[in-house]
Amino acid sequence: MKKVTLELLVDENGDEDINPIKGDICDRLERCYHNIKLVSYEEESIDARWFCAKDVTPPVPEHGMCSEDVIIKYKDGTESVACITFNGVWYDTDYNEVADVIVYWRYMTDDERPD
750 MKKVTLELLV DENGDEDINP IKGDICDRLE RCYHNIKLVS YEEESIDARW FCAKDVTPPV
810 PEHGMCSEDV IIKYKDGTES VACITFNGVW YDTDYNEVAD VIVYWRYMTD DERPD
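Residue numbers (our numbering): 750 to 864.
FYI, nobody ran anything at the bench for these hints, they're computed from the structure.
C-beta atoms are modelled at their ideal positions from N, C-alpha and C, and glycine is treated no differently.
Take these hints with a grain of salt, some might be off.
As the list claims (entries may be wrong) - Restraint-style ranges between C-beta atoms, simulated for each label pair: (1) C775 x T858: 34 to 44 Å; (2) D849 x M814: 35 to 45 Å; (3) I770 x D804: 16 to 26 Å; (4) D804 x C775: 27 to 37 Å; (5) D776 x D860: 20 to 30 Å.
With the sequences and hints as input, model every part of the structure.
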């Protein structure tokens with residue numbers, strides 16, 4: 750037996766109940782795998798402002814050196830400020846390369862921007 754981790758993003762209409770979705774997922778998987786057991790189930794709300802760093806990057810202005818500062822989220826869940834250079838390397842405000850530990854990024858809100 751092997752352990753498989755499945756992560757799903759479900760777009761809710763607000764009136765949907767997640768439990769029927771959970772049951773439907775198990776039913777469909779049992780058609781493919783005869784001995785399946787749901788070990789854990791966890792819901793997490795996703796903030797739509799966040800982009801996956803490996804799929805989307807902030808734009809770098811033409812002839813510019815780096816993007817505007819953005820908020821990044823590390824693998825451990827902590828957040829910081831960083832930018833991405835024209836050659837695709839992420840740096841935090843202390844000029845440390847953070848590409849290997851960044852998971853998500855989002856634009857700063859007006860309240861988060863430095864004066």
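Okay, the hints, checked on the actual structure:
1. C775 x T858: 34 to 44 Å: Once the Cβ atoms are compared, 39 Å apart, the range 34 to 44 Å for T858 and C775 holds.
2. D849 x M814: 35 to 45 Å: For D849 and M814 the Cβ distance comes to about 21 Å; the hint is violated.
3. I770 x D804: 16 to 26 Å: holds (24 Å)
4. D804 x C775: 27 to 37 Å: The hinted range 27 to 37 Å holds for D804 and C775, with Cβ atoms some 28 Å apart.
5. D776 x D860: 20 to 30 Å: Because 46 Å falls outside the window, the suggested range is violated.
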